[in-house]
Amino acid sequence: MSKHTPGSLTQRLEDQAKAKQAMLEAFRARPTQDDPELAARRAERLAAEQARDARMAARRAERLAEIERQKEERKAKAEARAAALREQSQRKPMTRSRVASILAGHQAARDARKAQHQR
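Position one of the sequence shown corresponds to residue 0 (numbering that gives the first Met the number 0), numbered consecutively onward.
I should point out that these hints are in silico values taken from the structure, not numbers from a laboratory.
Straight-line Cα separation of at most 25 Å, DMTMM-like style, residue types lysine to aspartate or glutamate; simulated pairs:
#, residue 1, residue 2
1, Lys-76, Glu-65
2, Lys-74, Glu-86
3, Lys-74, Glu-61
4, Lys-76, Glu-86
5, Lys-76, Glu-61
Given the sequences, and given the hints that come with them, work out the whole structure.
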């Protein structure tokens with residue numbers, strides 16, 4: 000903590016004026032709008048912003064392409080499943096009719112054996 004030294008009123012006013020003048024000079028020393036260094040930094044910021052926007056757009060396009068690819072993949076899988084089910088359902092009636100004919104043949108053979116034993 001700084002030690003307060005009491006001084007005269009004129010000394011304090013002089014210190015205040017010096018501090019005010021230092022702040023004013025610091026304000027005036029700031030770069031102006033048409034300063035080349037400031038313009039260069041502004042251009043760098045703009046270029047960085049545009050590059051960031053381009054990267055974001057590219058990532059968004061990649062995400063959308065991935066979503067589209069997944070949709071197509073799901074659609075292809077669904078079509079393959081549907082084709083497999085159609086094929087399976089077409090095979091089942093043939094299998095059922097074949098089983099029915101085999102069972103009918105077995106039943107006929109059994110009936111023939113029974114009929115032979117009964118005579």
